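A.B. asks: Numbering follows this note's numbering, in which position 18 of the sequence shown is assigned residue number 19; successive positions increment by one, without gaps.
Honestly, the hints are just simulated from the structure, not real lab data. These numbers come from a predicted model, not from an experiment. Yeah, the Cβ is synthetic: ideal placement off N, Cα and C, and Gly gets one too. Treat the hints with caution; some may be incorrect.
Just the calculated beta-carbon pair ranges, DEER-fashion [unchecked claim]: (1) Phe-59 <-> Pro-36: 18 to 28 Å; (2) Ala-14 <-> His-77: 18 to 28 Å; (3) Gly-43 <-> Lys-63: 25 to 35 Å.
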Amino acid sequence: MTGPRSDDAAVIAESLDRPDRFSELYRRHARDIHPYAARRLGDSAAHDITAGTFLAAFRTRKRYDSGRASAKPWLHGIAAPSPSVPEPGTETGSPERAPAG
Numbered sequence: 002m003t004g005p006r007s008d009d010a011a012v013i014a015e016s017l018d019r020p021d022r023f024s025e026l027y028r029r030h031a032r033d034i035h036p037y038a039a040r041r042l043g044d045s046a047a048h049d050i051t052a053g054t055f056l057a058a059f060r061t062r063k064r065y066d067s068g069r070a071s072a073k074p075w076l077h078g079i080a081a082p083s084p085s086v087p088e089p090g091t092e093t094g095s096p097e098r099a100p101a102g
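Throw the hints in and build the complete structure from the sequences for me.
C.D. replies: Dropping the structure here:
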């Protein structure tokens, strides 16, 4: 007997009706995204890139491929194109950071 799905895809799906559920995705993956951003752009930029990654993911979560149990590759893909630290006063930095949606 199996219980309810608790993989990332299920959390994202649940967050469409209950946005607070998305915090679970942050809890699971921020510790992977932050060091990745720090290696690429330095410690000072890593906080902004991590926050921007999860903001972009939250905004585009309805387009997530629910067939993929883990969101880790998706989140790394969002973080990867970060050419610089987001400009002060902007939500996601450059237009390339967050896909429309």
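A.B. asks: Next, verify each hint and record whether it holds.
C.D. replies: Status of each hint after checking the structure:
Range check, Phe-59 to Pro-36: about 21 Å between beta-carbon atoms, so the 18 to 28 Å window is met. Checked against the given bound of 18 to 28 Å, the beta carbons of Ala-14 and His-77, roughly 20 Å apart, stay inside it. In this structure, Gly-43 and Lys-63 meet the distance hint of 25 to 35 Å, their C-beta atoms being roughly 32 Å apart.
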